[in-house]
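These protein sequence lines are chains S and F, in that order.
If you're matching positions, the first sequence starts at 1200 in this note's numbering and goes up one per residue.
If you're matching positions, the second sequence starts at 3 in this note's numbering and goes up one per residue.
Honestly, the hints are just simulated from the structure, not real lab data.
The model shown is predicted, which means the values in this text are computed figures rather than measured ones.
The C-beta atom is built at its ideal place from N, Cα and C for all residues, glycine as well.
Be a bit skeptical, because a hint or two may be false.
What the hints assert, rightly or not - In silico negatives: residues of chain F with every beta carbon more than 12 Å from chain S:
1. Q11
2. D39
3. Y106
4. K119
5. E154
Stated by the list, open to error - Not everything, but these chain F residues come out facing chain S in the computed CB check (under 8 Å):
6. G48
7. A49
8. Q52
9. A57
10. L58
11. G59
12. Q64
13. A86
14. I182
15. I189
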Amino acid sequence: MTGINKDWRNDIYAVFKDLNITMVSHVPDAGHTPLINLCEKDNEIDVVTLTTEQDGVGLSCGAYAGGRKSALLMQSSGVGNCINALALPNICRIPFLTIVSMRGEWGEFIPWQVPMGLGTPKVLEAMDIKVFRADYKDEVGSTVDAAARFAFNTNRSAAVLLSQKMIGAKQFKNG
Amino acid sequence: MIDRRPFVQKILKNRKDNLRVVSGIGTSTWDIMSAGDNKGNFGFIGAMGQSIPFALGLAKSQPDLRILLFTGDGDTLMSLGSMATVANHPVNNLTIVVLDNESYVETGSQPTATAGKSDLELIAKGSGISNSYTVTNENDYEKIMNTIYVEEGPSLIVVKCQAKATPLVFPYSFDGSVSINRFMSSIKS
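Same shape as in the complex, but just chain F (with noise of 0.2 Å):
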């Protein structure tokens, strides 16, 4: 099991121009927040659901960068229909990394479908999206390099993480307006 935090971290640490990073709702935003702030982030603190499609229409916009989402296993649960549409309108520069903690952490740490039956590499390559596996710990942090960099996507990685509550970390702000605004000015430029 992987301490997701610093692993976050390290992934997005001397990140290239080319990345543009979205989170979902949850401690995935805080996570990414806490890598530092940049203006190549947008993160989600509602809308539970709504941030694999959010990504899809960002890398149908943009096919010259590469968008990683990282994002928890409950808001992957809440719109599971999203990967099947990610898999049959492909792009090949997104990278769904979903921090699966198999709890709602933020709620009190309930159990989520993934600490029972459900496995979201198999629905996700059930889906369509071919490319997908999952990483227990820290030895496939180059593989997993690779492929938000370098491989054709989609792709969608399952990390498996320790269910522990994290630090917030808050983003630059709350107001959404300020938020996209500030996102979109660093694809313009």
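Excised from the complex, chain S in its bound form (with noise of 0.2 Å):
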């Protein structure tokens, strides 16, 4: 599972498939695209656009109730609009995996990501999701299979965070 592609949004989508998840939902993320589109593209795969991350939760949950797995994507500034929501697959027992892409934290540009990038693994870590995080490209597909098995083999949430570092900052440009 290590590093087996080019790209490494590749990686996250072979794990998919190899862990038949069939969801994934999102607020999207330039990050994320990649995957996204893979996904699109998949006829086995329902992706679904939210409105609000915290919908991906009881949309994740509610799909594994009815037997299905899935997968919520979502930059590091969703991951607080989500934490009432998380109570939901704590006190079910529900697995639940959730991929964030990082901002906020090297050599960002925007000040507004910061908050939320500092908060991120407090905020998750504070509602008892387990933390994974893949700094370097060759590690992301280890790193989502270990969460993904994590969440489905023991009934508990995990979440992937992609850092920065590996994605890469944006710098904006005026004009």
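Two chains, two frames, a set of hints: combine them into the complex.
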């Protein structure tokens, strides 16, 4: 599972296929876009665009109750929106997997991204989510695989933080 | 205005085998439990705002079942965007019944936005759930039953209810893992 594809998003997609994850919800982030595109091309994966990240928690839990595995993709700024919703998989011991593209931590241009970027791991851990982190491209596949197995094998919540160092920080230009 | 408790009981009496029932936080959960314990029920007692997304995920995963969500105006108002998600990722087997008493009865009957200028049927329609309607009296019972079991969803029905406190009727368990596993056993069998 380690870095077998040219683009690490393909490694995440390979984990989805290997573990039969057939529903992927998201509030989009540029870092996830190639993965979202791969999932949208796959007839076996339902891609659900949300209006707020927290709805991906409920959606994912309902899908699991109906027998399907899913994953929620979001940017770090969306993690804060999910806090109370995360009580649902916690109290029901429903496996929950989210993959978070980090902002506000490595070469960030936009100051508004920093507060939730700093808060993301703390908030997730405060809600008893097992936090995994991938800092290098060749460890993305194995990290997502480990997090997904942790979630689905032990009926708990897991998050993978994809570091901004790996994704790359966009530098904005005025005009 | 409808008396919600007997109305929910009437809808769930002699329910068909292909029906699974979800309820949102608050009085809705006590309502469905008052109709009798059933493994095919899953009631939220927390995670406010998540019952509509949950019901959507369930409906997408079990297209051969009919999924009925009872929830309140408070729970619905917390996640209005979920209506747009339901409309744009449609499932034909989902009916959302909003028991709209225009107040947060469990916390002291403070008025909700629907007591003011907000209309959940119009919000649902504006979100894209075209099969949305409001009922104010029990004569519409047959119409509701047809929506739940026959019509192509997703559908959203606003049931205007009296704002009165009703007795709490506890579920089989307050432990979420017990509740969800029991509910899932009703789907596997």
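Hint compliance check: list the failing hint numbers for this structure, sorted ascending.
Per hint list: zero violations.
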